[in-house]
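Q: Work from the hints to combine the two standalone chains into their complex.
One-letter residues, chain by chain:
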Amino acid sequence: MHFLRRHPVPADEITPESVYRRRRELLKLLGLGAAGLAAGCGAAPAPETAAEEAPAGRPLPIARRTDYARGEAETRYRDASHYNNYYEFGTGKGDAAANGARFRPRPWSVDIAGHAEITGRFALEDLVKPDALEERVYRMRCVEGWSMVIPWVGVPLGEVLRRFRPTSRAKFVAFTSVARPDEMPGLHYPILDWPYREGLRIDEAMHPLTLLAVGMYGHELPTQNGAPLRLVVPWKYGFKGIKAIVRIEFVETQPRTTWNVAAPEEYGFYANVNPEVDHPRWSQRTERRIAGSGLALFGNRIATLPFNGYAEQVAPLYAGMDLRRDF
Amino acid sequence: MRRVLARLRHDPVAAGKPPLFVACLLPLAMLAWDIGHGTLGPDPVAQLEHRSGDWALRLLLATLAVTPLRRATGWQPLIRVRRMLGLFAFFYATLHAAVYVAVDLGGFWSQLLGDIARRPYLTVGFGAWLLLVPLALTSTRATMRRLGRHWQRLHRLVYVAAAFAVLHFLWLVKADHREPAIYAVVFALLMLARLPRPRNAARAALQRG
Chain A
1 MHFLRRHPVP
11 ADEITPESVY
21 RRRRELLKLL
31 GLGAAGLAAG
41 CGAAPAPETA
51 AEEAPAGRPL
61 PIARRTDYAR
71 GEAETRYRDA
81 SHYNNYYEFG
91 TGKGDAAANG
101 ARFRPRPWSV
111 DIAGHAEITG
121 RFALEDLVKP
131 DALEERVYRM
141 RCVEGWSMVI
151 PWVGVPLGEV
161 LRRFRPTSRA
171 KFVAFTSVAR
181 PDEMPGLHYP
191 ILDWPYREGL
201 RIDEAMHPLT
211 LLAVGMYGHE
221 LPTQNGAPLR
231 LVVPWKYGFK
241 GIKAIVRIEF
251 VETQPRTTWN
261 VAAPEEYGFY
271 ANVNPEVDHP
281 RWSQRTERRI
291 AGSGLALFGN
301 RIATLPFNGY
311 AEQVAPLYAG
321 MDLRRDF
Chain B
1001 MRRVLARLRH
1011 DPVAAGKPPL
1021 FVACLLPLAM
1031 LAWDIGHGTL
1041 GPDPVAQLEH
1051 RSGDWALRLL
1061 LATLAVTPLR
1071 RATGWQPLIR
1081 VRRMLGLFAF
1091 FYATLHAAVY
1101 VAVDLGGFWS
1111 QLLGDIARRP
1121 YLTVGFGAWL
1131 LLVPLALTST
1141 RATMRRLGRH
1151 WQRLHRLVYV
1161 AAAFAVLHFL
1171 WLVKADHREP
1181 AIYAVVFALL
1191 MLARLPRPRN
1201 AARAALQRG
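Residue numbers (this note's numbering), protein chains in the order written: chain A, 1 to 327; chain B, 1001 to 1209.
Hints listed in this document are in silico derivations from the structure and should not be mistaken for laboratory results. Hints are all accurate, no fakes.
Quick list of simulated restraints, FRET-style, between CB atoms:
| no. | chain 1 | residue 1 | chain 2 | residue 2 | range |
| --- | --- | --- | --- | --- | --- |
| 1 | A | E265 | B | A1014 | 53 to 59 Å |
| 2 | B | W1109 | A | E265 | 26 to 32 Å |
| 3 | A | L305 | B | R1149 | 53 to 59 Å |
Listed next, the stretches of chain A that the computed footprint assigns to chain B, with coverage defined by at least 3 CB atoms under 8 Å from CB atoms of chain B:
| no. | stretch |
| --- | --- |
| 4 | 90-99 |
| 5 | 281-295 |
Quantities reported herein were computed from a predicted structural model and do not represent experimental measurements. No residue lacks a Cβ here, since even glycine has one placed at the ideal position from N, Cα and C.
The following block holds chain B by itself, in its conformation from the complex (with noise of 0.2 Å):
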């Protein structure tokens, strides 16, 4: 108890991280426990989808609010929790294009090529995916120092990534948009964030005159 404590004082990352771990862990669990007793509700593919893309994109923006978080604290070491976000995200979106893939359409593959292609909310549903798939491979430590400059360039991709999963929600609502709105306003806000501050600055200053 004591050593946890010292070490929670002493690298607070490094002790938080198993818990976060399991935390990310934990919409996984909910699901398997619901598919094992049949409490997933009238129609489980739906909300396995659901669920399982509610999720990606959750932890899509928490990667994204890092950056802003440490620049409001100050708090530089939070950025190593960053690439357990960014990685489950990812798993969370596989799991989502799976589910859809291997169970939903289960035999009606034929279309899925030309639905990808003809219907905006897969097309950029999928691109959000195909986008992080480079970025979960460059994710070790020996690409990223292989990588050097170029590394943190490939990763801007994941705004645009971020920017699809959103549009894939708000395009895929019938009337009520409330729910993936709420995504965009979260998302907007972790992009505004990310202005760089002197030349708000500036433009503050140029508006006062």
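Isolated chain A (complex conformation) (with noise of 0.2 Å):
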């Protein structure tokens, strides 16, 4: 796994949170409301209460910590948790937040089903090992043109799966999400063919890379991010990280995913991050990164790289491929 090139942090490395708190509060006091600088107006600091709002879920015990985004800020954790597309809770970016204090995600169980030795329904916590959890900060991109940095804690996926020994005709896997029309008001509407539905290719879904989550920023990941399990696939559009997973399928052929189905065209199976490949409507050549104190207007648009600046560990998944016509 050399091609990998990890940057471990060292523990004692890690800046303690009542340091970086600290820190933090320091910035604010000198002013640095970028907005307010901006602005021209000599308005106070905004009171950052709620932007410093701890994550609502149990904390997770870590047993190893990995900065996939070479240093580059993080988004606080109150932007990551209210502005983010999970359209069971509303087409809104606040919808999920807003709408989704009836959502249970607790007793949760997984279906594993398809070409695989075994195979039947497991608790969440057989399937996740508390004792297993690693924190990986990954780039997020979203395929309408805007990013984040998100310190993610789970397994990757390929550990989880190879417990069920897919067999030979495992080509694909098939992935669903929870449909439950009376905790998730969105379900009401037929803007997408629910429930939401994602796949990879066995290769993809077995890369170090490709996570399978259960927390973020530390603690249990809050409903709107997908709680209790979702998928994340840092050099794909973020549609690809389907949430509160209920069924995970060994399947011989290509799997239907609701994007791709509700326009073809437009959002492709594979959804490798590709600055080169435009949306047919808007350019995917650069993003609106949405880090650091939130509130700067300018300077926040960056080059989008080709797999998200992980080409280096994927691109040879892809090698020999026309991306532009499997996009």
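A: Here you go:
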């Protein structure tokens, strides 16, 4: 796995929470409310109690931490948890955070099905062992043209899948989200073909970067980010990261995936981040990064990298493929 | 107070203009407040774009609502608020475009022209703004007099601009078309309300046989 070029951060180099909080307080005291500066109005920096809001879920034990975003500034927890797409709760970016109160992510079980020696229904705790959790800071690029840097907590999907001993007929992995209309108000509108479905080729699923996440920012996932179990594939557009997974099936042919079915010419099955292949309606060359203080109005736009900056690790998966056709 | 009331009775449109002017500035004031307080949310630039765009479109449709309202109520003086609404629509459209170009694109301008040509939602969005420019420039009383008949013909461009603005919104959303659809329906109704009535009556009579 030398090609992974991990940059493990020694435990003693990780900033303790209390310290970085104090650091942020200091920055705030210095009046680095960039928006205030940009606007040229002498307004006091925003009261950021809400912005510094701690994750609500239980803290998770973390065995190892790795920064896969080369030290780029992280997105604040508040922003990552209040600005995302989760149409089961509504199509607004804040809808998932606003409408998730009725959702019950526990108890949870997942059906493992298809071409594997072991199949059946498994409790979440058996699927993702709490003592093996690692934190990974990944860039997250949305197909809409914005991006974040998020510390996820989970286990490599491949390590989980291998335990079920997929057979040689397992060429793809199909994932299905939960669909509970009583708890997820967005399901009342046929915006998409519910339940949400996603899929990966088996080698993509087994790739060490592909993460099965149960947490973020050191705590259990909040409902709006896909509690209790979601997929994170950092070199693909965000919609591949299916949330609230209830079914994982090993299949022989490429599975139907929700956005691909909704608009096949706009959202491919692979959906690899690629600045060279535009969305038919907008350019994918650049992205607006949502990170840091979250207040800056200027300088948020950055160039989008092939495979979202993970080309070194994942480009070999697609050797010989025409990525314009198989976008 | 008595003078205000007297004026209100004598010329309600003139009396109503200053409050309308202030009302049209409220969205701008709220944007400025949110910028100053850092309360634009996780993606402040997108918020600026969405809110300025929303108000440009709303005010454009409000401008188009003046004539049907005037016909429906028979209250002619209403026409005198139309220019203000139209100019505010242009103001918010300009703000919207300026935020996109100066703030959002910041530093990545090289692809802008190509994108306007290639991306239909940008083409119609930019087109809508461009069509509003000559209308704003010819909105003074002097140019109205100078252009005479041609003024009205020129200002029919507002229908195209509004259609483009609605399309711009419709084409940029990913899957949930409900919100832009509301604007499209309002626009369609405002256009239907403009169909000349006598012909309508004649057609209705024809259908009745």
